[in-house]
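J.: Work out the full structure: start from the sequences and follow the hints.
Using full-length UniProt numbering, the first residue of the sequence shown is number 1, and each one after it goes up by one.
FYI, nobody ran anything at the bench for these hints, they're computed from the structure. It cannot be assumed that every hint is accurate.
Stated by the list, open to error - Lysine-lysine pairs mimicking DSS-like chemistry, simulated, CA-CA at most 25 angstroms apart: (1) 349 / 70; (2) 376 / 356; (3) 298 / 329; (4) 342 / 70.
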Amino acid sequence: MTTRTFNMPATVHIGVNAAAEVGPAAARQGASRVLLVTDQILIDTGTIEPVFASLRQAGIPVEIYAGVDKEPTLTHVEDGLDIIRRGRCDLVIGCGGGSSLDVAKAVSVMATNPGVIQQYMGADKVRQKGLPLFAVPTTAGTGSEATMFTIITDTEHDVKMLIGSPYLMPQIAFVDPGLTMAMPRGLTAATGLDALTHAIEAYVSRKAQPMTDVLALSAVGLIYRNLPKAWQQPDDLEARSQTMLGAFQAGIAFSNASVALVHGMSRPVGALFHVPHGISNAALLGVVMEFSLPGNPKRYANIARAMGVDCPAQADDATVAQAGADAVKGLIAALEVPGLQKLGISREKLDPVVAKMAEDALASGSPGNNPRLASKQEIIELYYAAL
Numbered sequence: 001m002t003t004r005t006f007n008m009p010a011t012v013h014i015g016v017n018a019a020a021e022v023g024p025a026a027a028r029q030g031a032s033r034v035l036l037v038t039d040q041i042l043i044d045t046g047t048i049e050p051v052f053a054s055l056r057q058a059g060i061p062v063e064i065y066a067g068v069d070k071e072p073t074l075t076h077v078e079d080g081l082d083i084i085r086r087g088r089c090d091l092v093i094g095c096g097g098g099s100s101l102d103v104a105k106a107v108s109v110m111a112t113n114p115g116v117i118q119q120y121m122g123a124d125k126v127r128q129k130g131l132p133l134f135a136v137p138t139t140a141g142t143g144s145e146a147t148m149f150t151i152i153t154d155t156e157h158d159v160k161m162l163i164g165s166p167y168l169m170p171q172i173a174f175v176d177p178g179l180t181m182a183m184p185r186g187l188t189a190a191t192g193l194d195a196l197t198h199a200i201e202a203y204v205s206r207k208a209q210p211m212t213d214v215l216a217l218s219a220v221g222l223i224y225r226n227l228p229k230a231w232q233q234p235d236d237l238e239a240r241s242q243t244m245l246g247a248f249q250a251g252i253a254f255s256n257a258s259v260a261l262v263h264g265m266s267r268p269v270g271a272l273f274h275v276p277h278g279i280s281n282a283a284l285l286g287v288v289m290e291f292s293l294p295g296n297p298k299r300y301a302n303i304a305r306a307m308g309v310d311c312p313a314q315a316d317d318a319t320v321a322q323a324g325a326d327a328v329k330g331l332i333a334a335l336e337v338p339g340l341q342k343l344g345i346s347r348e349k350l351d352p353v354v355a356k357m358a359e360d361a362l363a364s365g366s367p368g369n370n371p372r373l374a375s376k377q378e379i380i381e382l383y384y385a386a387l
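T.: So, in structure tokens, the structure goes:
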């Protein structure tokens, strides 16, 4: 067996009330003051009160940065760093959706590394370990609590910067499905499909390995079976728990196996049209799966089987793989996720920017992991096909 490297958080607290472990863990860390990165809505709704209560009980002072919104930007990172420097915090806690976790990761490493975060775009450019980092997700989707990546938007240049480093991996993740119960249906669908995309792309990636295969296929099954229940019945704690477990597994899988063409194409959509990441992934997933099937029909067939897609026992891999792609498209439609056109991206708006979008997608490196490699022209055609 070829030697592989596999990264995940050193410690994971997972299950209902896992958030109550944040304070004791921070105390064991020796934290004297923490920066908690979140968004104001989660504070106003009381969603993350269990985290605050745990820290209060542990007697640990908290500085709060609640300015994160839909997309993490350079401004968010700079604002968080200002609070760290003024408050002399020695632990960073990201608490929220993927945007809050991504900002927390960036703040953690920029507190100890020189320069500006733009110079660390790409892989393995961060040279020094950041401040200790905890992650408390409140959505079942991004998997950021289990990855060594952060994505920060440079709004001046309309670029989503992907930064990868083992130093971005949280030391401890607190995966508490109770924190997802207040998610609205639209967010449940978007984040859940984001997680499904992570799992699918990790499994078909050219960087897949045995450990990621197990987690990715498990995640596919958990998410496909439970996401519709969580969407239809938001108070179904078991469906929420299983979907969140799948999202966490998918996060570990893609952090080690990487993502592929969907994510490469999705980032320019988000950067130029400000479409939420999960929505842009969902809009592209069906057409990209169709394009990619010939590249590795066996792997796509295994995905369909993990989903429990009903196919004749004698069906070949290509047939089963196509049934899986059809099932994924059916799930996206059932969850009422809007396509690119309904999001206001018309052919007329796409025409002047689509060539740059294809170039940016290829430059990200993710399409190079796809089982079927795509040219610039093929990526352009896929963007139009997704309308």
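J.: Taking the numbered hints from earlier one at a time, note which ones the structure violates and give those numbers from smallest to largest.
T.: none
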